[in-house]
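Participant: Sequence:
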Amino acid sequence: MILHILTAMTRPQNLPKMAESLIPAAAAGVELTWHFGYDVDRKHIAGQAVKNRLLDTITAPDDWVWILDDDNTAHPDFFGRLAETVAANPSVRMIACTQIAPSGPCRSVSRDSLKACRIDAAQAVIRRDAVGQHRLREIYAGDSQWIEKIADSLQPDEIAYIHEDVVHYNWLRPE
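Counting from 1, position 132 in the sequence shown corresponds to residue 122 in the working numbering; the numbering is continuous, with no gaps.
No wet-lab data here; the hints were simulated from the structure.
Just so you know, not all the hints are guaranteed correct.
What the hints assert, rightly or not - Cβ pair distances, simulated, as ranges:
| id | residue 1 | residue 2 | range |
| --- | --- | --- | --- |
| 1 | Y130 | A77 | 15 to 25 Å |
| 2 | A17 | C107 | 28 to 38 Å |
| 3 | Q3 | D142 | 14 to 24 Å |
| 4 | P51 | P92 | 35 to 45 Å |
| 5 | P6 | D119 | 31 to 41 Å |
| 6 | T49 | S143 | 29 to 39 Å |
| 7 | Q145 | K7 | 35 to 45 Å |
We put the beta carbon where it would ideally sit given N, CA and C, even for glycine.
Work the whole structure out from these sequences, hints included.
Facilitator: What follows is the structure, given as structure tokens:
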């Protein structure tokens, strides 16, 4: 499995901790390519234009895409569960993951959660061919609207769910 991680960087000081959270990918057999673009001046709403530019560089239809904002990290079990889910569901084109915040459980996943303002970008891993021409709108909830539009274009059996907490939400934000 090849996974492309897209990050619009506004907090470069978080890079080392983000990178550390990606180390378990190798043990899970997940090949990573991490794409990031700087938006340090925050010129783009939630980095959506940067994410779209990065997304346009990925052309292999069977590769996977994951948006990892620069205040989130992968849980140590994320890549293993991702690889298991893909292996068990060869026709899957989107994987929705439960997310945990530093204060405790945050967002569970179901078909109803794949909606604007109900899902975080890091909760969805999407195969590139399912992304198609869908792009993130330059609005605050552009990433969740993007996920909703893609989910709406898929059949129910093309979406899998990981119900364990495998994505960290706002893990790197100062308290």
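Participant: Work down the list of hints and note, for each, if the structure agrees.
Facilitator: Against the structure, the hints:
Against the hinted window of 15 to 25 Å, the Cβ-Cβ separation of Y130 and A77 comes to about 35 Å, which falls outside the hint. The beta-carbon spacing between A17 and C107, approximately 35 Å, falls within the hinted interval of 28 to 38 Å. For the hinted restraint 14 to 24 Å between Q3 and D142, the CB-CB distance of approximately 37 Å leaves it violated. Between P51 and P92 the C-beta distance comes to about 36 Å, which sits within the given range of 35 to 45 Å.
Under the hint 31 to 41 Å, the C-beta atoms of P6 and D119, about 33 Å apart, fit the expected range. Hint check: T49 to S143, Cβ distance near 19 Å, so the stated range 29 to 39 Å is violated. Roughly 37 Å separates the CB atoms of Q145 and K7, a value that falls within the hinted 35 to 45 Å.
The structure does not agree with the numbered hints 1, 3, 6 stated previously, though it agrees with the rest.
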